[in-house]
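Student: With chain S's structure known, arrange chain U on it following the hints.
There are 2 protein chains.
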Amino acid sequence: MDADEGLERLRALGFSDADAALLWEHFDDAEQRSKLSHGHARIAWLETLEFDPRAEPELVEESDAFERWHARGAIGYVVVARAVSRVVASPPSRVRVVVCEQTYPTGVLGHHVRRLADAGLVGVLTATSPARLASPDGGPSVAGTNPLAIAIPSSDGDPVVADVSMGAVTWGDVVAGRATEAELVPFGGEQSHKAFALAVGLQLLVDALAREPGHGAVLVAARPESDPVPALRAQIAGIRLPGDPAPPKAP
Amino acid sequence: MDADEGLERLRALGFSDADAALLWEHFDDAEQRSKLSHGHARIAWLETLEFDPRAEPELVEESDAFERWHARGAIGYVVVARAVSRVVASPPSRVRVVVCEQTYPTGVLGHHVRRLADAGLVGVLTATSPARLASPDGGPSVAGTNPLAIAIPSSDGDPVVADVSMGAVTWGDVVAGRATEAELVPFGGEQSHKAFALAVGLQLLVDALAREPGHGAVLVAARPESDPVPALRAQIAGIRLPGDPAPPKAP
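Taken in sequence, the protein lines are chains S and U.
Take 0 as the starting number for the first sequence in numbering that gives the first Met the number 0 and just add one per residue.
Take 0 as the starting number for the second sequence in numbering that gives the first Met the number 0 and just add one per residue.
If you are wondering where the hints come from, they were derived from the structure by calculation, not from laboratory data.
Take these hints with a grain of salt, some might be off.
[Stated by the list, open to error] Partner residues are not named here, just some residues of chain U that face chain S (Cβ under 7 Å, in silico): (1) Phe65; (2) Val121; (3) Asp136; (4) Gly137; (5) Val141; (6) Gln190; (7) Ile235; (8) Ile238.
[Unchecked claim] With a straight-line Cα cutoff of 20 Å, these simulated EDC-like cross-link-like pairs (lysine to aspartate or glutamate) come out: (9) Lys34/U / Glu189/S; (10) Lys34/S / Asp172/S; (11) Lys34/U / Glu24/U; (12) Lys34/S / Glu189/U; (13) Lys34/U / Glu182/U; (14) Lys34/U / Asp172/U.
Just so you know, even glycine gets a beta-carbon here, dropped at the ideal spot from N, CA and C.
Here chain S stands alone, though its shape is the one from the complex:
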């Protein structure tokens, strides 16, 4: 899919030109980074959903260090994008925690925090999603794949962006038939209790900071005091760091 087609289909869904561009940039970035289940295929998926493409998230609580957004029916991608844009336009004196309520789906969290790093800010973001992970000890699925993304700016212009889902595969992989639902377990094999613990902890973090039950996101944005990335890149000498372009995949 090229940009013309993607933008046209997003506009046909009712999104404004600006939001169509924002969504295309998100999906195309995912596609280029080989996160195919978050890429162009999401446009066809959006075409199957019912939502209000003109709904506008509301900033319901606001201070230098804390903001709370409510989606007010807007799709999660747009809510987080608005929250990030606001942080970039008006950075915190030190740190800001941003809670986004009723916010889903949020897409590739690394994409959102990379925008903060590109603006010179540190960003940490998690978001909840439908419960699909059960404890390795058994019981029902109680946690989403709840990724954690961390972006660190760099004076060399090349931020490090870690973006880790707690699932061994993605739900998108299941939908696309690349994985079975039985494979959607916490990652880690024999140590999958660790990824389960992180998924539960991150989910409760979002749930505890939100006022209303439902999916949401929590962002921490901070001004850095130091610039550790160039030294790490020099030390690791050519080995890929999180968020660096993946090597070409075998067909």
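Tutor: Just chain U now, kept in the frame of chain S:
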């Protein structure tokens, strides 16, 4: 080791009565939770180190939403304990991010954030440690085992405390001969790039927020708006949640 012996040995190292009690509580909690490499054995380890047991960390930057501590030679356990005590005594209006510089070793991070949850606050804590994890793609060890701990208070009095190290084994396990140094890799088996990414991301987060190079810790403390733990406990119906007592281990 009983409390009398532990306290006596800690006081003999030069710690004040209050700090000896604080350290004993930390090590004994780890011991009771079967985190043996962070337990009573750490007292013998402290006896081999050179440090100033009467050094006092300094609060060098302070506002409702942000604090920065410098260890000023105090051992990491004490620095984080002081930072947590201050948050408990004077909670943030919404959120506070606390950076602890030159802070190592910090012990069981779950122990520290559990104190916040017991005081009704949400706590998220990470800390860096000597670089012992290499990328699954190769290269030098560039990241500590850098745990992430998340504690969520509960109206039922029983917080959930996730506390996950990014290493497949602990350095303490290596020192105690329970694991080999070759086993100290990012956890996750075939997906160990995920734990490596988290270890790198958390390390750069600490390094970027600190002013001085060196090990450190970053804490986020927040007032909860909701109480999600009781519903999760009901839903999971007897399956162990993170931080719950471990079942007795086979000998």
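Student: Hint by hint, say whether it matches the structure.
Tutor: Hints versus structure:
1. Phe65: With a closest approach of 4 Å, the Phe65/U hint holds.
2. Val121: holds (5 Å)
3. Asp136: holds (5 Å)
4. Gly137: holds (6 Å)
5. Val141: This interface hint holds because 5 Å falls under the 7 Å limit.
6. Gln190: Hint holds; Gln190/U Cβ to chain S Cβ min 5 Å, cut 7 Å.
7. Ile235: Where the cut-off is 7 Å and the nearest Cβ of chain S is about 5 Å from Ile235/U, the hint holds.
8. Ile238: With Cβ-Cβ at 4 Å, under 7 Å, it holds.
9. Lys34/U / Glu189/S: Holds: Lys34/U and Glu189/S sit about 18 Å apart, inside 20 Å.
10. Lys34/S / Asp172/S: Holds, at roughly 10 Å.
11. Lys34/U / Glu24/U: Holds, at about 13 Å.
12. Lys34/S / Glu189/U: Answer holds: Lys34/S to Glu189/U is near 18 Å, not above 20 Å.
13. Lys34/U / Glu182/U: Roughly 18 Å separates the two Cα atoms, so the pair holds.
14. Lys34/U / Asp172/U: Holds - the C-alpha atoms of Asp172/U and Lys34/U are around 10 Å apart, at most 20 Å.
Violated hints: none; the structure is consistent with every hint.
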